[in-house]
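The numbering of the sequence shown is the UniProt record's numbering, which starts it at 1 and goes up by one.
Rather than coming from a laboratory, the hints here were simulated on the basis of the structure. Even glycine gets a Cβ: it sits at the ideal position worked out from N, Cα and C. Watch out, some of these pointers could steer you wrong.
[Stated by the list, open to error] The following label-pair restraints were derived from C-beta to C-beta distances:
| id | residue 1 | residue 2 | range |
| --- | --- | --- | --- |
| 1 | PRO59 | VAL24 | 17 to 25 Å |
| 2 | GLY92 | GLY21 | 38 to 46 Å |
| 3 | PRO59 | GLY21 | 23 to 31 Å |
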Amino acid sequence: MGKKDRRAPRTAVVTLRDLPGTRVMFWLVQDCPYCGASHLHPAGNLRTADPAETLGERPAPCDPARLYVLSLPPRPQKKRGKEARRRERRAGRTNDWDE
1 MGKKDRRAPR
11 TAVVTLRDLP
21 GTRVMFWLVQ
31 DCPYCGASHL
41 HPAGNLRTAD
51 PAETLGERPA
61 PCDPARLYVL
71 SLPPRPQKKR
81 GKEARRRERR
91 AGRTNDWDE
């Protein structure tokens, strides 16, 4: 396997924020992968824009020669359903009786 390309864009996890009193939305990068600071990227108008269209590769404000990929945080895993928990409990009970 080859070495990791250091010039490849890194991933930056973002959250959507609005500017109070205006219709402007911003993507907030809490921890920049290059400098560790927080940065803002415009996401459009609150009423008409789709902020998901502005995700993707962007130049880092701390060093415009470097790119990072704006992406949403991963979704949490779905919890097991009630039936799965019941089945697991029942399986645990029968194993205790067999011994």
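So does PRO59 sit 17 to 25 Å from VAL24, Cβ to Cβ? Roughly 20 Å apart at Cβ, these two residues keep to the hinted range, so it holds.
Does the Cβ-Cβ separation between GLY92 and GLY21 fall within 38 to 46 Å? violated, 56 Å
Given the hint of 23 to 31 Å, is the C-beta distance from PRO59 to GLY21 inside that range or not? For PRO59 and GLY21 the Cβ distance comes to about 28 Å; the hint holds.
Violation of the numbered hints given earlier is confined to hint 2; every other hint is satisfied by the structure.
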